[in-house]
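If you read the sequences in order, they're chains D and P.
For the first sequence, counting from 1, position 525 maps to 525 in full-length UniProt numbering; every step adds exactly one.
For the second sequence, counting from 1, position 54 maps to 54 in full-length UniProt numbering; every step adds exactly one.
Don't read these hints as lab results, they were simulated from the structure.
Source: prediction; values computed, not measured.
One or more hints might be untrue.
All copies of an identical chain are treated as equivalent in the list; a pair is satisfied when it fits inside any one copy or across any two copies.
In silico EDC-like links for lysine to aspartate or glutamate, alpha-carbon gap of 20 Å or less [stated by the list, open to error]:
| id | residue 1 | residue 2 |
| --- | --- | --- |
| 1 | Lys425 | Asp149 |
| 2 | Lys238 | Asp27 |
| 3 | Lys473 | Glu244 |
| 4 | Lys128 | Asp394 |
| 5 | Lys399 | Asp430 |
| 6 | Lys473 | Asp347 |
| 7 | Lys425 | Glu31 |
| 8 | Lys566 | Asp72 |
| 9 | Lys385 | Glu565 |
| 10 | Lys385 | Glu509 |
| 11 | Lys238 | Glu515 |
| 12 | Lys461 | Asp29 |
Protein chains: 2
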Amino acid sequence: MKERKRIVVIGGSAAGPKAAARAKRLDPDAEVTIIQKAPEMSMASCGYPYYVGGVFDNRNALLSTPYGEVRDPHFFVHTKGVKARTLTEAVSIDREGRTVRCRDLHSGDLDDVPYDKLILATGARPRKPPIPGVDLVGVTTLQSMKDADFLRRIRDDKSITKAVVIGGGLIGIETCEALQLSGIDITVIEMLPQILMFLDWELAKILENHVRSNAANVITDVKVAGFVGENGQLTGVKLENGTELPCHLAVLAIGVIPNTDLARDAGLDIGQTGGIAVDDFMQTSDPHIYAVGDCVELVHRITGKKTRAPFGDLANLEGRVAGENAVLGNQVTFPGTLHTGICKVFDFSAGSTGLSELRARQEGYENVVTVINASLDKPEFMGAKLLISKMVVDGNTGKILGVQCVGPGDVAKQIATAAMALHGKLTVADVVNADLPYAPPFSLPIDHFIATAHLMENKLKGRLKSMSPIELKKNLDAGKDPFILDVRTPDEFEAVRIGIGETLIPIGELRHRFEDLPEDRDREIVCFCKISLRGYEAALVLESAGWRNVKVLEGGVMAWPFGREK
Amino acid sequence: MKERKRIVVIGGSAAGPKAAARAKRLDPDAEVTIIQKAPEMSMASCGYPYYVGGVFDNRNALLSTPYGEVRDPHFFVHTKGVKARTLTEAVSIDREGRTVRCRDLHSGDLDDVPYDKLILATGARPRKPPIPGVDLVGVTTLQSMKDADFLRRIRDDKSITKAVVIGGGLIGIETCEALQLSGIDITVIEMLPQILMFLDWELAKILENHVRSNAANVITDVKVAGFVGENGQLTGVKLENGTELPCHLAVLAIGVIPNTDLARDAGLDIGQTGGIAVDDFMQTSDPHIYAVGDCVELVHRITGKKTRAPFGDLANLEGRVAGENAVLGNQVTFPGTLHTGICKVFDFSAGSTGLSELRARQEGYENVVTVINASLDKPEFMGAKLLISKMVVDGNTGKILGVQCVGPGDVAKQIATAAMALHGKLTVADVVNADLPYAPPFSLPIDHFIATAHLMENKLKGRLKSMSPIELKKNLDAGKDPFILDVRTPDEFEAVRIGIGETLIPIGELRHRFEDLPEDRDREIVCFCKISLRGYEAALVLESAGWRNVKVLEGGVMAWPFGREK
Ligand SMILES: Cc1cc2nc3c(=O)[nH]c(=O)nc-3n(C[C@H](O)[C@H](O)[C@H](O)COP(=O)(O)OP(=O)(O)OC[C@H]3O[C@@H](n4cnc5c(N)ncnc54)[C@H](O)[C@@H]3O)c2cc1C
Ligand SMILES: Cc1cc2nc3c(=O)[nH]c(=O)nc-3n(C[C@H](O)[C@H](O)[C@H](O)COP(=O)(O)OP(=O)(O)OC[C@H]3O[C@@H](n4cnc5c(N)ncnc54)[C@H](O)[C@@H]3O)c2cc1C
Ligand SMILES: CC(C)(COP(=O)(O)OP(=O)(O)OC[C@H]1O[C@@H](n2cnc3c(N)ncnc32)[C@H](O)[C@@H]1OP(=O)(O)O)[C@@H](O)C(=O)NCCC(=O)NCCS
Ligand SMILES: CC(C)(COP(=O)(O)OP(=O)(O)OC[C@H]1O[C@@H](n2cnc3c(N)ncnc32)[C@H](O)[C@@H]1OP(=O)(O)O)[C@@H](O)C(=O)NCCC(=O)NCCS
Ligand SMILES: [Ca+2]
Ligand SMILES: [Ca+2]
């Protein structure tokens with residue numbers, strides 16, 4: 001009988017259990033052990049905000065299979081054939097002897113667990129700023145079941161009325177929603193000029209406005225100076241600008257730090273970005289050790305550079321690859337990340353795949369072309385909702401580099417479609433005639449994604465001469481004086497209006513009202529409508545009538561991220 | 001001053017107006033005219049079923065922009081700069097003289113309209129079977145505004161209690177839903193063994209069961225012999241098997257026939273499939289004439305063969321290409337179709353892209369591999385719904401040939417994702433580690449699409465040895481006697497059960513209950529659970545314990561298309 005391979009996995013949340021279960025499936029003779037520090041294992045951490053916010057009440061749902069079995073060590077051994085030790089911390093790795101020293105967190109006892117292959121899935125921990133008061137009771141994070149339990153109790157107790165969330169990233173914003181749904185007054189503090197850094201500023205701003213309209217306050221461009229308290233209990237958050245926000249709860253959500261101590265202490269290579277270095281087999285610098293999930297760094301599929309991508313979906317997929325390679329030898333590779341992500345923000349969603357404009361420019365693309373599109377997600381008569389997208393393209397090759405989408409509409413489908421286009425390394429020309437599933441309950445005849453590609457095609461071919469809302473605002477603030485033309489109907493104009501000195505000429509009248517337009521054919525004219533479809537048509541009409549400097553305001557009224565007159 | 005190019009478009013529904021508007025945008029000097037036989041133009045025909053079914057009541061919504069302007073000739077001239085003549089029929093084309101003879105359907109007057117480029121967008125008409133009684137009052141189709149008005153009046157009048165829909169395709173099934181929502185008893189008659197031919201039989205059957213559970217009757221495998229009536233009014237539908245179904249309404253939905261008479265009479269090439277032949281510029285055999293929409297045949301993007309694809313999204317995209325080429329010379333190409341489509345069927349949706357298994361085999365692929373996957377569309381605790389997919393792959397190359405998906409879950413996102421994977425010509429290996437947008441409100445950590453690819457990967461690598469429900473049923477019917485193993489929990493088994501002689505051994509007990517399994521290690525064992533995830537794990541456990549002929553029933557209980565014990 002051949003030797004049973006011993007596979008040890010450190011970390012029992014997402015990547016670890018996946019790797020363990022996969023290894024056992026592909027080598028049923030293997031002896032697979034998970035070492036997990038926390039009392040629980042196989043936690044759906046991404047679900048914490050929804051448990052805290054009361055979307056569901058059954059705590060066990062976070063730990064259970066769809067058919068209701070709790071994924072505890074009993075489950076793992078009986079269903080998955082995997083041994084799991086919870087409340088057990090791996091404290092060091094002996095690479096020579098191929099053992100992991102473990103501490104039983106109940107008894108404090110140490111023991112050495114031998115391995116043939118080791119898989120590190122130690123995840124990440126929340127970043128904590130080194131500022132005064134960070135250890136006060138009431139300052140917390142949302143990273144563990146313990147955190148989730150703590151915040152859920154606050155919801156159930158109704159004991160707290162004001163809270164501050166520090167950090168406007170995905171987890172911060174989800175936490176903001178959860179607490180707001182719990183009836184708590186929320187202020188989100190973000191150090192950067194915007195929330196949700198996977199979006200470019202103007203789309204993030206639309207989300208920010210939406211968060212505000214849901215009665216949660218957002219303050220950007222400001223740092224937290226410290227926490228103030230009484231008797232060890234938080235009473236307020238102090239900002240660097242001097243403001244003090246009274247509150248009894250502060251949730252830190254300013255990013256995560258990969259847990260690499262074990263790896264570092266064992267002498268494994270740590271990458272430039274701070275994650276454990278792995279090759280595309282998910283193998284570390286020691287061929288007997290793999291690493292997966294939030295503790296590693298990955299390759300970015302577009303830039304080819306190393307990056308961190310702490311996402312639950314990738315943790316599972318990486319685990320699956322490492323689990324296979326650990327038992328069968330290096331068979332399969334993990335191709336890296338597109339940083340594809342999404343989050344729900346009250347009635348809006350925000351998603352992104354690939355590079356934002358900012359990232360593309362930082363990465364050194366010289367000819368970055370972007371366009372903003374706004375449209376409904378399906379026909380008006382089917383109960384449509386708005387989508388606002390931004391597509392980022394390499395102007396030299398036409399290759400799509402990234403797509404962002406926000407709004408109340410079906411953002412998930414947009415981003416899934418876009419992500420798959422990026423996986424196929426498709427160009428704008430490749431997708432303008434894509435054959436997608438169309439029926440009125442699901443999309444417009446020309447789906448929003450394809451329409452966005454049409455706009456980009458028009459822009460690349462010099463047919464759509466447009467500017468982003470940021471550019472227009474900058475020009476106006478700098479004292480430029482373009483003629484601003486709103487081509488919506490009078491009814492629309494009465495209901496909602498940007499208010500930047502625009503003149504209203506409905507598109508249907510435009511061809512007969514050239515006398516109401518600037519005499520100077522070189523004066524800059526900026527056209528728009530609700531979404532700038534009619535704005536685009538107006539621009540073409542004016543150009544063909546002889547105006548030489550006509551622009552379209554991308555996304556129209558709906559994508560205007562600044563204040564509106566009404 | 002250069003000559004104004006004269007563009008004439010015949011047909012004013014979807015492809016025609018799109019071509020016209022696009023031509024005018026790209027050549028604002030052009031004189032663009034639409035000739036449209038019907039009284040309305042620019043109709044959202046795909047919305048008819050939803051208007052008939054009462055999803056909305058405003059008839060004008062079918063003809064309006066999202067901002068409420070009716071797309072009539074006034075709108076076209078003022079907003080799009082395009083002249084449109086409704087109630088005008090093109091009766092012949094003089095290719096030598098480059099004129100179209102038109103008849104004013106009010107006055108009967110004829111006139112000749114000259115063109116530099118002509119675009120045919122004459123669409124398609126419903127197929128009518130040459131059977132007795134087809135002209136009785138009460139026998140109709142759902143293809144025009146007139147038809148929609150007729151059926152909507154029936155809804156509003158509540159005058160009819162029983163109707164028959166002939167044809168179980170997309171339009172037939174949508175019509176069935178619309179009439180059922182109007183409180184009418186429906187029977188759908190389908191000549192073939194299944195409804196919705198874009199699905200393979202077993203997925204279509206799941207839909208058929210769903211239609212039945214919504215109190216509409218479905219009869220497959222039977223032809224209509226004729227219609228019977230009294231005083232010119234329909235009273236019943238006679239089937240070839242002798243049955244007569246009493247009813248006062250019958251809707252024919254047995255497919256469409258491209259309107260090619262004008263083209264044929266003018267001597268243009270008609271393709272093998274019956275559509276007008278065009279190249280990839282959408283140009284007919286006459287370089288001055290383009291053709292687009294339901295009246296043409298296209299290239300299938302996977303097989304490379306000619307095919308018909310009467311879809312509203314493609315009509316628009318083809319129109320957009322021809323509009324450009326007509327004014328700027330042949331600039332852009334239309335790459336063809338994947339037959340990507342979707343429809344809503346009560347609380348289920350059904351979608352497909354690329355080739356079904358049946359089509360792939362008909363097309364001559366020698367090594368067609370398929371797999372059925374069932375899973376939730378997001379975590380249980382977020383209010384998940386079921387998805388059932390079938391993936392079709394070329395086993396020689398791993399290339400994905402097609403994906404079908406049905407169920408109450410988010411089918412549209414699945415099919416959009418799959419369609420984009422097909423556009424990228426991706427293989428299974430390319431998508432197993434795709435980076436899609438994951439958050440609990442939108443998907444599982446391993447999205448259903450990726451999970452389907454995982455199953456396929458496992459199957460291609462010989463790890464998942466499975467059979468489709470059809471194969472198992474066939475074996476059972478042929479008297480084979482596999483040992484059938486259900487590995488769900490006792491509670492699940494009590495609630496729902498296939499009832500084909502299965503033995504229940506919950507997965508968690510399996511490793512200790514080998515004595516309850518066949519002694520003969522070569523006896524065929526077929527494992528399943530609710531979706532066959534645990535079924536797969538069970539199969540691996542049994543294989544490693546020495547059973548040599550273990551199979552997984554694909555899709556488990558949820559994808560079982562036949563009757564169940566309970
Ligand atoms: C509130 C929240 C919301 C999120 N939402 C999303 C989302 O919507 N979409 C998305 O893609 N991602 C989301 N994420 C991220 C996602 O949860 C993580 O990417 C994923 O959990 C990472 O899995 P992992 O197994 O690598 O690490 P972790 O989940 O961090 O697990 C690591 C485990 O290792 C254990 N461990 C660490 N060190 C040791 C040691 N020395 N010995 C033993 N055990 C050890 C810890 O106890 C821990 O349980 C969210 C995360 C949070 C917290
Ligand atoms: C009920 C229903 C539901 C549908 N649902 C969907 C769906 O969910 N998804 C999808 O993708 N597709 C769907 N379709 C198909 C879609 O509507 C068609 O593909 C699309 O309308 C085709 O557009 P077309 O412009 O090519 O042709 P048509 O819409 O058929 O229009 C052709 C026009 O040409 C005019 N015409 C014809 N001959 C002449 C002539 N000699 N002179 C002047 N005018 C002429 C006719 O009056 C007609 O209005 C549905 C269709 C129907 C009927
Ligand atoms: C659940 C968990 C333990 C993984 O266990 P697993 O056994 O690898 O995964 P599953 O139970 O989903 O699937 C088991 C196998 O069945 C296969 N499978 C899934 N559905 C199937 C179906 N309908 N038919 C046949 N096989 C199926 C899968 O492909 C998988 O096999 P593979 O990975 O070898 O290809 C791990 O993902 C985990 O702990 N998750 C919870 C936490 C988490 O993901 N958190 C982060 C986000 S919140
Ligand atoms: C509406 C219809 C007349 C087409 O007209 P159109 O002017 O070509 O199309 P739209 O009004 O949608 O768009 C106009 C232009 O604005 C562009 N556009 C769309 N949204 C935009 C935005 N937010 N900003 C800037 N430009 C935008 C489009 O790309 C298009 O230009 P292009 O095709 O040259 O690239 C035609 O599609 C039609 O009749 N449809 C109704 C019926 C139908 O489609 N039926 C079948 C399915 S039910
Ligand atoms: Ca992702
Ligand atoms: Ca389509």
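Structure-based check of all given hints:
no., hint, in the structure
1, Lys425 x Asp149, "neither (43 Å within a copy, 46 Å between copies)"
2, Lys238 x Asp27, "neither (55 Å within a copy, 61 Å between copies)"
3, Lys473 x Glu244, "neither (32 Å within a copy, 71 Å between copies)"
4, Lys128 x Asp394, "neither (37 Å within a copy, 51 Å between copies)"
5, Lys399 x Asp430, "both (9 Å within a copy, 18 Å between copies)"
6, Lys473 x Asp347, "neither (27 Å within a copy, 46 Å between copies)"
7, Lys425 x Glu31, "neither (40 Å within a copy, 39 Å between copies)"
8, Lys566 x Asp72, "neither (55 Å within a copy, 31 Å between copies)"
9, Lys385 x Glu565, "neither (23 Å within a copy, 42 Å between copies)"
10, Lys385 x Glu509, "neither (28 Å within a copy, 48 Å between copies)"
11, Lys238 x Glu515, "neither (57 Å within a copy, 68 Å between copies)"
12, Lys461 x Asp29, "between (60 Å within a copy, 19 Å between copies)"
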